[in-house]
Amino acid sequence: MWKYILKRLVLMVFTLFLVITATFFLMQIMPGTPFNNPKLTPQALAQLKTTYGLDLPLWQQYLSYLVGAVHGDFGTSFQYQNQSVSMLIGQRLPVSAHLGAQALVVGIIAGLIMGAVSARNKNNKIDGTLGILSTLGISVPSFILGIVFVYLFGFKWPIFPVSGWGDSFSQTILPTLALAASPAAITTRFVRSEMIESLSSDYVQLAKAKGLSDKEIVNKHAYRNSMIPVLTLVGPMAAGLLTGSTLIEQIFSIPGIGQQFVTSIPSKDFPVIMGTTIVYAAMLMVMILITDILTAIIDPRVRLQ
Amino acid sequence: METWKKVAIGAAAVVVVGGGTRAAGLWGGDKSSSKDTLNFSLPTDIQTLDISKNTDQYSNQIIGNTGANLLRVDKKGKLAPELAKSVKASKDGLTYTATLRDNLKWSDGSKLTAQDFVYSWQRIVNPKTASQYAYLATGVKNADDIMKGKADVKTLGVTAKGNVITFQLDHPMPQFEYLLSFSNFMPQKESFVDKQGKSYGTTSDKQIYSGPYKFAGWNGTNGSFKLVKNDNYWDKDAVKTKTVNYQVIQKPETAVQMYKQGKLDEADLLTTDLYQANKNQKGIVKVPEARTDYIEYNQTGKNKFLSNDKIREALNLATNRDELVKEVTGGVSTAATALVPAGLAKTASGEDLAKYVAPGYTYDKSKAAELFKEGLKELGTDKATLTIEAASDAPVNKTMVDYLQGSWQKALPGLTVNEKFVPFKQRLQDAQTQNFEVLLTAWGGDYPEGSTFYDLFKNGSSYNDGQFTNDAYTAAVNKAETTDALNQAGRDQDYKDAESALFKNSNYNPLVSKAHYSLQNSNVKDVIRSTTGLIEDFKYAYRK
Numbered sequence: 001m002w003k004y005i006l007k008r009l010v011l012m013v014f015t016l017f018l019v020i021t022a023t024f025f026l027m028q029i030m031p032g033t034p035f036n037n038p039k040l041t042p043q044a045l046a047q048l049k050t051t052y053g054l055d056l057p058l059w060q061q062y063l064s065y066l067v068g069a070v071h072g073d074f075g076t077s078f079q080y081q082n083q084s085v086s087m088l089i090g091q092r093l094p095v096s097a098h099l100g101a102q103a104l105v106v107g108i109i110a111g112l113i114m115g116a117v118s119a120r121n122k123n124n125k126i127d128g129t130l131g132i133l134s135t136l137g138i139s140v141p142s143f144i145l146g147i148v149f150v151y152l153f154g155f156k157w158p159i160f161p162v163s164g165w166g167d168s169f170s171q172t173i174l175p176t177l178a179l180a181a182s183p184a185a186i187t188t189r190f191v192r193s194e195m196i197e198s199l200s201s202d203y204v205q206l207a208k209a210k211g212l213s214d215k216e217i218v219n220k221h222a223y224r225n226s227m228i229p230v231l232t233l234v235g236p237m238a239a240g241l242l243t244g245s246t247l248i249e250q251i252f253s254i255p256g257i258g259q260q261f262v263t264s265i266p267s268k269d270f271p272v273i274m275g276t277t278i279v280y281a282a283m284l285m286v287m288i289l290i291t292d293i294l295t296a297i298i299d300p301r302v303r304l305q
Numbered sequence: 001m002e003t004w005k006k007v008a009i010g011a012a013a014v015v016v017v018g019g020g021t022r023a024a025g026l027w028g029g030d031k032s033s034s035k036d037t038l039n040f041s042l043p044t045d046i047q048t049l050d051i052s053k054n055t056d057q058y059s060n061q062i063i064g065n066t067g068a069n070l071l072r073v074d075k076k077g078k079l080a081p082e083l084a085k086s087v088k089a090s091k092d093g094l095t096y097t098a099t100l101r102d103n104l105k106w107s108d109g110s111k112l113t114a115q116d117f118v119y120s121w122q123r124i125v126n127p128k129t130a131s132q133y134a135y136l137a138t139g140v141k142n143a144d145d146i147m148k149g150k151a152d153v154k155t156l157g158v159t160a161k162g163n164v165i166t167f168q169l170d171h172p173m174p175q176f177e178y179l180l181s182f183s184n185f186m187p188q189k190e191s192f193v194d195k196q197g198k199s200y201g202t203t204s205d206k207q208i209y210s211g212p213y214k215f216a217g218w219n220g221t222n223g224s225f226k227l228v229k230n231d232n233y234w235d236k237d238a239v240k241t242k243t244v245n246y247q248v249i250q251k252p253e254t255a256v257q258m259y260k261q262g263k264l265d266e267a268d269l270l271t272t273d274l275y276q277a278n279k280n281q282k283g284i285v286k287v288p289e290a291r292t293d294y295i296e297y298n299q300t301g302k303n304k305f306l307s308n309d310k311i312r313e314a315l316n317l318a319t320n321r322d323e324l325v326k327e328v329t330g331g332v333s334t335a336a337t338a339l340v341p342a343g344l345a346k347t348a349s350g351e352d353l354a355k356y357v358a359p360g361y362t363y364d365k366s367k368a369a370e371l372f373k374e375g376l377k378e379l380g381t382d383k384a385t386l387t388i389e390a391a392s393d394a395p396v397n398k399t400m401v402d403y404l405q406g407s408w409q410k411a412l413p414g415l416t417v418n419e420k421f422v423p424f425k426q427r428l429q430d431a432q433t434q435n436f437e438v439l440l441t442a443w444g445g446d447y448p449e450g451s452t453f454y455d456l457f458k459n460g461s462s463y464n465d466g467q468f469t470n471d472a473y474t475a476a477v478n479k480a481e482t483t484d485a486l487n488q489a490g491r492d493q494d495y496k497d498a499e500s501a502l503f504k505n506s507n508y509n510p511l512v513s514k515a516h517y518s519l520q521n522s523n524v525k526d527v528i529r530s531t532t533g534l535i536e537d538f539k540y541a542y543r544k
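Note that the protein sequences, when read in sequence, are chains V and W. Just so we're aligned: the first sequence equals residues 1 to 305 in the numbering used here. Just so we're aligned: the second sequence equals residues 1 to 544 in the numbering used here.
Accuracy of the hints is not assured; some may be wrong.
Looking from chain V toward chain W, a few residues come up when the C-beta cut is under 7 Å (computed) [as the list claims (entries may be wrong)]:
| hint | residue |
| --- | --- |
| 1 | F14 |
| 2 | P31 |
| 3 | F35 |
| 4 | N37 |
| 5 | T41 |
| 6 | A46 |
| 7 | Q47 |
| 8 | Y80 |
| 9 | Q83 |
| 10 | S163 |
| 11 | G164 |
| 12 | G235 |
| 13 | A239 |
| 14 | Q250 |
Keep in mind that the hints were calculated from the coordinates and are not lab data. Just so you know, even glycine gets a beta-carbon here, dropped at the ideal spot from N, CA and C.
Only chain W is shown next, with the shape it has when bound in the complex (with noise of 0.2 Å):
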């Protein structure tokens, strides 16, 4: 045979394979883009479908989206009833009743009891379980005790009785409502879970559904899957997607491209590069997100600096907050005013709270350098040197430093800075004994409301890394926790003099209040977005 003939058979044959296999289907065709069905993407893998183990923001999509609490965040942005047809708070707080809509069923078409609610908080409380978020519960009669394994989950504050729930406080929290909108805290049949055993939740068939979509195509480990509308919602009718196409897209660089490609109705823009180069495409949107980077400053002692008030004062006016947030974040994100990130919450009036309790961090640099001055010379010394630190795992966290450690020195004559880079876990322990001197933080909130921020600095709190004691903030934060606590103008002035405090006695450095922009297709409406919990909601997601 010559051989341009066995080029030519050679062609052939590619071209009859790959067409007919092509036109069998065994390629793949392309997602449907009909109008019943949306596509969206994760950047990591789902870790689980256990309600009460899951800490994942990803997995915690997929779980949301299959599943319904009491309460649900509605288009407005506001808690309405959802499995609840009432929620009903006592005067004094410590009570809540919650009496469910008639005839609620389960995705396997079984019925779900005020039982099933029940079950699930004493599951998330029950030691054995070793649920990361067991703390979420604490507040609720005996959960504490539960937790710590000195009391039996049957005594937990949470009790049913024909179709009402009932909910026993041991002091008021004003974010209990969130709870009862929280995923972890979603109704389990114990039938169901026992079952199950030690595979419950780990692939789509070992769960069953209460939520607006059931889950389904997923064997534990694989990156394709989908939600599909659940005929037995209480409220089918207002779902009006029946399918979200879900795949796993570990390069936002592919998603990116998938999305212009029409593949996927969002893309996020996770780095600087990725925004520059697409802020100028259709649907650029910026997310708000429920997370502050914050410096904080041992004031234990161990460093004579960071424990005199001038210096800490100085190197608070020796930030500068927009030119960092600019040069670190390509102004993807905003500088930060104050210990809750913009977008939180808002307060009573509607205004956002980080607006509304802000103190006034402001950059002076003459200012800076005279305190700074000033407070050497109480510590008889001309010279500081100071090291901060952060975690390796985040690259953005080295340009931060880098920034940090020119403009300090800069502003500041004296001042030495050295880097200090450890990896995440390392970050951690450090911080937790105090084993830094100026830290990078990063805190993201669990709920929309201050405290999930302002409990963070309570006196003795274990979260407090730089342990310094500040005696008005811890009133104020209190007094948001107990007297206010039903009283939303009361906390957010609580709040407010809380951060005040806290700015006054220069205790921490706030940074940036993160945000990131998103490519989100306009033609897919009503997807209810939210900075915590459940990030986008699919309840009331069509397609134009």
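This is chain V alone, in the form it adopts within the complex (with noise of 0.2 Å):
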């Protein structure tokens, strides 16, 4: 396995440079220069390319910042005067991370309950009306989420705060939910088909047969084979977040790194916009990675290789 591991590390580096290069030339085709003041002479934005060492060769640049990226320095932003990029992203990422993690965990919880709450009570009210729930939160945005719940527990009932990040818990009630409703509604349709098969599967016929009790049956046998398929559904859902997170943290103004990647891109601030695009991918990758891994461990059918 550790053979397997080192394997798919060596191809994240080369994915990476991938990335780094395509962003790079990409952003090339992008009209304008990553100053944005209109007033600016041509002989002033000369001079500040110059400085900025912009006018220099492409190949020039894009060696110079493989050189930086390989060494840890992606640079300064051109938005954010002085701000490095390792720190803009650096004080960034936590707060995109902690709302995620806190989306997924919230998400994932509701999910395993009302999935097995929905296989155990198969097609009848309940069940249906979760059924109802879940395909909603498949379907609904959650961005159109963030912001019927400003409406109704910012302004119409005024329970939480709508908008910023860090001064109080509470400020993140809102966000995660918003963007624990598709987590929650993916892994309940999951577990609760899931949870159907193995409820009518030989081993649980056994085990009712040994005499066990429906809750036992449940807790030991059947959850631990619904899981399986929720680990592997974990990386696809914890990218969902990533890119939903972007216009969560715009409505509720948190100062995570998504918005950070928006409000780079028609600023053409170079450095930020290839720093975010690395983090994102390096997450999106390693996330992929880790659900691999999972799968293996929990499910010895599966082997690495």
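Both chains are given apart, each in its own frame, so use the hints to dock them into the complex.
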């Protein structure tokens, strides 16, 4: 298994290199310069370009970026004067990760419970209601839910704060719930169908024949087997949270990395675009790797190769 | 356990945990609206506290309130001595002498000296600093050569001797006094800047302050921070407010709701919809902006129709500015009367400059049609096609261009108007390379003086995107900036002449003088508002 992980890690580095290269050259297609002030004269612009080395041949800029990146220097933001990209991302990533992890945990736990309840009440009213809820959860985008939550719990019944981050725990509740809806719904659907399958499988029949109670059967046998597909989902769900959080961060004014990514593109803030892209790519790859490893640990039938 | 018991216990647990944590303050108590605290918001993150490098108006809110310059706008909207006891101009307008007050201090208690001003001026023009606002210093002796790297920063015409700072100019600058209140030229302490090195101004701890407030609680990326009264400020007795809380609220709708809940003292109504929904709210105020939207015609000869004087005049006459403002901005902004926007500056006699210089842009459909026909005849055709280009980033541009397309085509038979929307950066590039026919442009002023707009179209100016030459205009503006630099009444007349020269040749087409509405708590008094520079100054602000 260690050999396998090592192989995957090497592959990840190569993929990252491709991502860096592609992003770097794609950015050159964008019009304009990172300097937003329309009042800059052509001479002043030329001067600024020289200062920042943007007048050098492209391959030279590319090489110096790569050399910097290998040494952990991702440059300085143009938009946020003097701020190094490492610092900007270093401060914003924990915020996004906190929000994402909180949403993922809440979503999965809610999904596990609702899925099990749904399976055990197969085809009755409870199952139907949960079915409708989870369909809604999957199909309504998080940013719509975010706005609905802001209206309901921020203004109609002002229980929770609707903007900001880091002053209090309550600020995290609405964005977490908005983001958690989709993973909760997906998990519910999967757990339900897996559980129904498990409950009618031979080993459950055997367990029943042994005289185990329903509760024990569900908790000891059915749950464990239904967990496997959920685990394979964690990777893609985490990726979905990463992209979904960009808009949620905007709605709730959360200083996370998604917001940074969105604002850096129109202002052509090269170093920040590169930095955030690398972080996104790396996070996605790590998520997928962790998912693969976890699946192998939980289900002995899966072998990594 | 029976189900109802489980539910009951669960509910009890939620109440206990929720209530407990709330009581313990983990939920963040309501922001106190006590007498010495104000609550404001910003729509975007702060980008920097670097005095020389900032270009962002919201970061400027913080920099301007935590800093002081030689002069500051007072309660009457006039420049008054701040860190300077006095500022005197020589008769020829080429030398300014500022004498500092005694015992000035930085927020850390160290001495604030004349040298700190000299350093700040040297730093902004230093090409190594790469400030995007360095061009404002053009006109100060050697500034341009230093910016180009041809001269040493030490040769800049700003020097200090004791507590006296002397500025030497290449030519008189009517706006120079305003620069002495501008936040990019506020003092900076060299030893502090050097010590912080690359991270200067990246958090509230990595800056020291010379103004009414100190800045606290900003780590470089977070969205809630505050201004705290600076006890080392020379005029601290005039500062009645202890804390101004700031939070970043990106959705304007959220800010408005929070204003209604009493959590904010001000909320801008930045969209037409928001204005319509809240126009009967308590505390609604119209806020003029130092910005004009206008149209530039490519007059390089690339497009034969636009090189024809009659056709340009016809386009100007076919523009119904009053209706445009109503249709496009819901009546929030006002119809432009000139290149300068309403509310930018006042004439010597106290009239609004935009009103005073107005040459009489009107809407005359039949005259427009007639001129258009004559123009086409001169070109030997009966059809014309024009493309209007605008930036796609602002949704309002689409409505504006749609309106122009519809009304021009209706008023001028034979005319076909195409629309072209490109990202802002592309628009900027197209403007500079004359790669457009008709261009929608927005220009914001830097200081409350006409030259911030009238510099635009001088012959050969790089901002003259349409590349027209208008000698009468250029002469008038040059006169304002030389002979009349220190004579405001003369300058007013020069700008009037300049504007009428543009009008006569239909060189451009003014559309909208921008404004927005804002909800402002009427209990908060004496916030000093300006259209340029520091938009809201809290020095004298207090809650009644």
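Hint check:
no.: 1; hint: F14; verdict: 31 Å, violated
no.: 2; hint: P31; verdict: 4 Å, holds
no.: 3; hint: F35; verdict: 6 Å, holds
no.: 4; hint: N37; verdict: 4 Å, holds
no.: 5; hint: T41; verdict: 5 Å, holds
no.: 6; hint: A46; verdict: 10 Å, violated
no.: 7; hint: Q47; verdict: 6 Å, holds
no.: 8; hint: Y80; verdict: 5 Å, holds
no.: 9; hint: Q83; verdict: 5 Å, holds
no.: 10; hint: S163; verdict: 5 Å, holds
no.: 11; hint: G164; verdict: 5 Å, holds
no.: 12; hint: G235; verdict: 27 Å, violated
no.: 13; hint: A239; verdict: 23 Å, violated
no.: 14; hint: Q250; verdict: 6 Å, holds
When the structure is compared with the earlier hints, violations turn up for hints 1, 6, 12 and 13 and for no others.
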